[in-house]
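Asker: Sequence:
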Amino acid sequence: MAIEFLESIQKGEVSKLTNYETMELEQVDDVLTVTLNRKNNLNAMNLTMIKELIQLCDWLREERSVHYVVFTNQGRIFSAGADVFEMFEGMDDEDFKNEELRRMQLVGQEMIRKLESMEQITIAAINGSAYGGAVAIALTADFRLLTENSVLNLPETNIGLFLTWGCTPRLVKTVGALKAKEMIMLCEDISAEESVQWGLVNKVVAKDQLKQEVDSIIAKIRTKGSHSIRLTKKMINASAAPNFGEIVMTENELVEKVVLAGETKRKLEEFHLSKQK
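For the numbering used here, count along the sequence shown from 1 and bump the result up by 75.
Among these hints, one or two may not hold up.
[What the hints assert, rightly or not] Calculated pairs, SDA-like style, for lysine to any residue (alpha carbon to alpha carbon, straight line, at most 20 Å):
| no. | residue 1 | residue 2 |
| --- | --- | --- |
| 1 | K299 | K189 |
| 2 | K299 | K114 |
| 3 | K286 | V226 |
| 4 | K248 | I293 |
| 5 | K299 | F218 |
| 6 | K278 | S291 |
| 7 | K282 | R139 |
| 8 | K248 | E269 |
| 9 | K254 | A315 |
| 10 | K189 | K278 |
| 11 | K189 | R139 |
| 12 | K248 | F218 |
| 13 | K295 | R136 |
| 14 | K114 | T232 |
| 15 | K340 | T232 |
| 16 | K189 | K254 |
| 17 | K189 | A313 |
[As the list claims (entries may be wrong)] The calculated label-pair distances, taken between Cβ atoms and stated as ranges, are:
| no. | residue 1 | residue 2 | range |
| --- | --- | --- | --- |
| 18 | V141 | T307 | 10 to 20 Å |
| 19 | D104 | S266 | 45 to 55 Å |
| 20 | N312 | S266 | 19 to 29 Å |
| 21 | S266 | T232 | 27 to 37 Å |
| 22 | N312 | R139 | 14 to 24 Å |
| 23 | S291 | S266 | 20 to 30 Å |
| 24 | R136 | K286 | 20 to 30 Å |
| 25 | D283 | E345 | 34 to 44 Å |
| 26 | R305 | D133 | 26 to 36 Å |
| 27 | V141 | S291 | 45 to 55 Å |
Calculated from the structure, these hints are not laboratory results. We treat Cβ as the ideally placed atom computed from N, Cα and C, and that holds for glycine.
Produce the entire structure from the sequences given, and follow the hints as far as they go.
Answerer: Structure representation (structure tokens):
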């Protein structure tokens with residue numbers, strides 16, 4: 076799974092606007108809208124979606140006609156986060172234990188890094204609640220909008236994991252250590268209003284006003300100097316970047332240690348049983 080995906084990424088395989096299984100792309104002028112579309116699976120992020128997001132970033136690095144990228148969703152929630160049941164299928168197999176866990180983390184880290192470093196201005200138009208890895212994706216965006224009555228939630232410790240893909244230090248930089256511990260350790264819903272107060276999103280909007288607000292942000296940026304906007308993004312991202320090189324380097328092995336200890340399997344089984352009740 077993750078091994079083959081990582082190898083294809085390293086070979087530089089790049090897709091354009093077609094042939095995506097997990098999302099729909101639409102370009103109007105210089106605005107590309109990326110719509111997550113696994114709504115029958117609550118837009119959960121399986122390895123295919125992660126690979127396709129990486130391929131999208133690779134294509135956009137060379138695509139000069141796109142200046143703005145909007146991430147949004149089909150269905151009632153933005154995304155349920157990582158599709159843990161698919162990703163951890165076969166976790167009792169020795170090959171999985173020895174290699175797959177580490178490789179899955181490398182793929183996730185690569186996705187977050189590439190989304191964060193895109194030269195285009197990115198907007199997360201979060202139409203519904205977002206969980207786990209979906210919150211991580213949203214946090215890579217330059218602007219984040221969240222619809223009313225939606226929540227953000229980090230459920231990782233509920234299933235015997237911790238916030239991975241290099242996202243824990245990013246979250247600490249965004250909300251501070253105290254709030255990061257609250258989000259990750261308690262796994263409680265963060266309301267739309269709290270999300271603004273904590274600096275997780277820029278604004279809360281009504282569902283029927285989401286596109287209008289996206290268009291408004293883009294219209295305002297269009298009036299600025301394009302070179303100064305691009306350099307401003309780079310300068311701010313560089314200034315906000317946490318010094319977490321050692322954390323990212325060791326995170327893969329830490330995940331492997333947690334999973335092989337047996338806690339993740341037990342918590343996943345408990346979670347699965349709770350959803351069947």
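Asker: List in ascending order the numbers of the hints, as given earlier, that are violated by the structure.
Answerer: Violated: hints 1, 2, 4, 7, 10, 13, 14, 16, 19, 21, 26 and 27.
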